[in-house]
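**Q** We have chain P; now place chains E and R onto it with these hints.
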Amino acid sequence: MKKRYIIPMVTALALVPTLGAAQDAEFATLADTTFIFNTLLFLIGGFLVFWMAAGFAMLEAGLVRSKNVTTQLTKNIALFAIAAIMYWLIGYNIMYPGDGNWIIQDVFGSIGTKDIKSEIDAGGYSNASDFFFQLMFCATTASIVSGTLAERIKLWPFLIFVVVLTGVIYPIEASWQWGAGFLANMGFSDFAGSTLVHAAGGFAALAGAIVLGPRLGKYNKEGRVIPMPGSNLALATLGTFILWLGWFGFNGASQLAMGTISDVDAVAQIFANTNMAAAAGAVAALILTQMLYGKVDLTMVLNGALAGLVSITAGPLDPTLFGALWIGAVGGVIVVFAVPFLDKLKIDDVVGAIPVHLIAGFWGTLVVPVYTADTSFVTQIIGFGAVGGFVFIVSFIVWTILKATVGIRVSEEAEINGLDMSELGMEAYPEFSKG
Amino acid sequence: MKKRYIIPMVTALALVPTLGAAQDAEFATLADTTFIFNTLLFLIGGFLVFWMAAGFAMLEAGLVRSKNVTTQLTKNIALFAIAAIMYWLIGYNIMYPGDGNWIIQDVFGSIGTKDIKSEIDAGGYSNASDFFFQLMFCATTASIVSGTLAERIKLWPFLIFVVVLTGVIYPIEASWQWGAGFLANMGFSDFAGSTLVHAAGGFAALAGAIVLGPRLGKYNKEGRVIPMPGSNLALATLGTFILWLGWFGFNGASQLAMGTISDVDAVAQIFANTNMAAAAGAVAALILTQMLYGKVDLTMVLNGALAGLVSITAGPLDPTLFGALWIGAVGGVIVVFAVPFLDKLKIDDVVGAIPVHLIAGFWGTLVVPVYTADTSFVTQIIGFGAVGGFVFIVSFIVWTILKATVGIRVSEEAEINGLDMSELGMEAYPEFSKG
Amino acid sequence: MKKRYIIPMVTALALVPTLGAAQDAEFATLADTTFIFNTLLFLIGGFLVFWMAAGFAMLEAGLVRSKNVTTQLTKNIALFAIAAIMYWLIGYNIMYPGDGNWIIQDVFGSIGTKDIKSEIDAGGYSNASDFFFQLMFCATTASIVSGTLAERIKLWPFLIFVVVLTGVIYPIEASWQWGAGFLANMGFSDFAGSTLVHAAGGFAALAGAIVLGPRLGKYNKEGRVIPMPGSNLALATLGTFILWLGWFGFNGASQLAMGTISDVDAVAQIFANTNMAAAAGAVAALILTQMLYGKVDLTMVLNGALAGLVSITAGPLDPTLFGALWIGAVGGVIVVFAVPFLDKLKIDDVVGAIPVHLIAGFWGTLVVPVYTADTSFVTQIIGFGAVGGFVFIVSFIVWTILKATVGIRVSEEAEINGLDMSELGMEAYPEFSKG
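Residue numbers (this note's numbering), protein chains in the order written: chain P, 30 to 464; chain E, 30 to 464; chain R, 30 to 464.
This is chain P alone, in the form it adopts within the complex (with noise of 0.2 angstroms):
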């Protein structure tokens, strides 16, 4: 028990000489100031990077036809708890290996025992906001997913994918770079996920595009793009707003550690250089509209900042703030040119979650040894190579397996009258008539 009259001082004071190798407690042990800065960062940032899982809510929700916001919503939530669960249960383990089966532990320990979770690290910083901040970025690559498909997928099918995904082709993907596999022992580079979780999620909700077809409707006869605009742009706005937020724990917790001057002073040259991508990104899909369509396209200023975020994520420490403005904004170019392409193949993302998270992804992966040493090009596209190819092939065969079995798609009339009613029963602004 807690009691919040207790003075913690006191406390504290009575536990350092146990703790630090201090024979002074007057002055705090370098072993322990950066055993807290180090994880108050993962805790800080973590609170961010799961605030992101908002913000995929939100601009989905905006991005889509009110008939199938409710659908939507729920699969956002939904993905995140999976999310949570399946990571813990599975992924966190397979993504290191190296740390023994302490999930395991926690499961079948006996009630009441605390598990191996609250062992002090030995590389100074706690297992358990280790946990809390990878678990989100499992998460964020599940998020990016629901957006593409929707407006036609069926809730379960995709909750499956989600378990999957989060449990087994994330983790073991990621592992290859932050598991000290392979990839890490090639040099690849990838500082906080453009390819391992960006083009990860990309390349899932690709695959899972192709099966599934787009919507009814989307692409007529003649070959021409339907647009189906998006419900509610505030929405969207706000999400892309949270996603910018969350980022800066994205990316600037990635530096895993704060605990020195050095390490500090990296992590706020992430965060402005990440702010800079962004506002690069969305300036360019500003301007780029208006030049192209003659009037400006906000759904794409946002997306344009997104991709900023995407394409600084692979390397946000080492670019002046010049760098992270032309890397940017050349994200932000891609999302433009992009989206129609997509469209042109017949390939519908409701959302834009490829051309932001896929191919700025990749864009993001490939620029990186312009500013980081050792690194390499081909090493680069080795990498994203590696990695998009077993996400895409593995996530292909589930969905196919998916559609063969229980099937992932609803009806053409649930699909007309909207995933609301016809899956759930429920709208989620059943007062608002449509136009």
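Because the hints were derived from the structure by calculation, they are not lab data.
Among the hints, erroneous ones may be present.
Given that identical chains are not distinguished, each listed pair holds provided it fits within a single copy or across any two copies.
[Said to hold, decoys possible] The calculated lysine-lysine pairs, modelled on DSSO-like cross-linking and capped at a C-alpha distance of 30 angstroms, are:
1) Lys247 x Lys324
2) Lys432 x Lys250
3) Lys373 x Lys250
4) Lys432 x Lys324
The model shown is predicted, which means the values in this text are computed figures rather than measured ones.
**A** Frame of chain P; chains E and R shown alone:
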């Protein structure tokens, strides 16, 4: 005056000899770093719990019908503002009686003189940060009440109740435990407030719901429950994500210290457990509503996540992750059964706050001894009963007095037309026609 | 390349001898911990102030009519992105002239070389974190302008004004105080920017409103004010909560340091005072609108909270909590009277930004000497006048030039049809029919 150009380091170095026990200014003293870390935890935790006020506002605005949205928003921002003032004016002093009448000194102190809040607490954190943090818990208790009573209560009587709740009722019962009162001495255990905040808010809401009665037409003559679907599930989902985020501060910063390795590791474990419990609550409601009703109910999933959070709040540190999972999952199950059960009793709880906060709060309080040493089921039940009984009875009396004097319910006509036009003359969505 | 598997502690320990003055690596040096704490304060403060950009976007999107929402959202995300680039390109250099032309080095430095931003500041914090934090204040100034001019201004001329405001106008006037300029030397006191940010934004908006003129039909021939209610008060309330949250960073991190007990205690007091002023502003508007109009006006309560926040911003540290209460309450009162007063002058301020930011900003600046030593009312008025005069005149000239050249106002037809269709061809809520 603080100039941004002046180098803060100069000040820092100059101040050290007078503040810490350091004889050698080269090293950071443990007293200083502990103080800073602890205070920082309160500040981060405090702003996260503040954010929960926005979460309640969005959740409730999304779950009421559009004709009552402006009123619900007004109640939510007003109750927070009132709580902030009342807790300062009376509540904090009642809750921590040993601290002396510092508020009185603040109010009546000579203008320009610094009040006692600027004194440095001997216990290793800033008094002001503690006040800031504790205030947010008081406000949360009030936020819980507003959802239950939505769509038929008058604005001002509700706000008068908030004055009493945040100035007197909450501080008294919270003092029993966190102010080193009799519950603390008995060995009652409520780490972050499953009972003291959530169940207390739930009991105040329950008393109000009984005195106020159900909405017109909610229960028809044949005893059937008439669904009155929320007007904006995107807002409700946003509110849930906000609450989930804020809960990291709610539970995590209730460790009250992070100046040592063991404290910050505890905070990290609390973050991980809190997230797990929410995820498990959401998944439990997801699966259970599918099984019971043949389709997923998003509002149940949202409330399942919240119930998972409430369930882990009484003891977020000691359970393993597996413990957090099943504790949270039971919370989610509770909600799915408790919502229709309350309707059977014709207690009209518009947003499901009583199942989420009171009933899951009981569950969370009850389950503590499974993982936490030196606690007992009997003591937990006694503590819950004492708080619940006190809050319910006092709230019932206050609601009854309000009903007998100023009246607490709007007229039938006003209820049918919606409180926004009848009470405030301002619609939340004036341009969107009703379906 | 940063591998997540490598133990950061090893690096940390290895780096210590070269970074701090420590001869004994066992203890944390004061220079290191101070640097880390200060930098962390800038980063947390920075992301909170970033979040205010989302708050302005939601507030304004909620307070305009639905036919102008997409445009308002576009302006808000675009202005932030432009501010981020302009402040880097020109603004930061103008504001802190003593720091040398590091941006120039950044832009024209050889690719791959780290720019000066990575140098460790002698003053105990990361330059990059300072840049990140200061940038957010520049962007906030621009955010204030967009609300006032909503519903009739053309997108691109507005964005051109933002270029000038964030690149030149704000940096010049902010430099007078925070860049150790003549106002700082005079003894002017503006802790976090009641004048430098809020009133400056308000004056830029006022100049624009005068040059632009009111919306069609806002003031009819009999001199009556025609209400044009906001389309989504849930969004407006969300925006207010976001701003309130962000303000903890805005004011709190303006302490610029938390590496000592006295600094972090100051940050905590600022948090508590900031919250109190907002609460008092909201309650004042709540009670006053009830008294004046016989019913509560939610938009006034929201603006009352914001005015409370602006009021405390010039001096959030020195007042007691009671001081923060009455200072904030007067801010709330100001808004209730200033909004109709502006309408009398036929200055059409769509969201009430001039009352909130300019007039309450004046109040907050003026009241500083009541609690802060070594300040005078005369100096406060002179400082406010200097900033206000400069910003107003330069802004007026820029708006006039824009009007005379490219034009700043959409056609009558476009205004009646809404800017979303006429300027952008994209509705924010395409499926919801208008009432």
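**Q** State whether the alpha carbon distance between Lys247 and Lys324 is at most 30 angstroms within one copy, between copies, both, or neither.
**A** both (23 angstroms within a copy, 28 angstroms between copies)
**Q** Is it within a copy, between copies, both, or neither that the alpha carbon of Lys432 lies no farther than 30 angstroms from that of Lys324?
**A** So Lys432 and Lys324 pass the 30 angstroms test across copies only (20 angstroms; inside, 41 angstroms).
**Q** Between Lys432 and Lys250, at a C-alpha cutoff of 30 angstroms, which is it: within one copy, between copies, both, or neither?
**A** within (25 angstroms within a copy, 47 angstroms between copies)
**Q** Quick one: Lys373 to Lys250, C-alpha cut-off 30 angstroms, is that within a copy, between copies, both, or neither?
**A** within (13 angstroms within a copy, 54 angstroms between copies)
Going down the numbered hints, you'll see the structure goes against none, and every one checks out.
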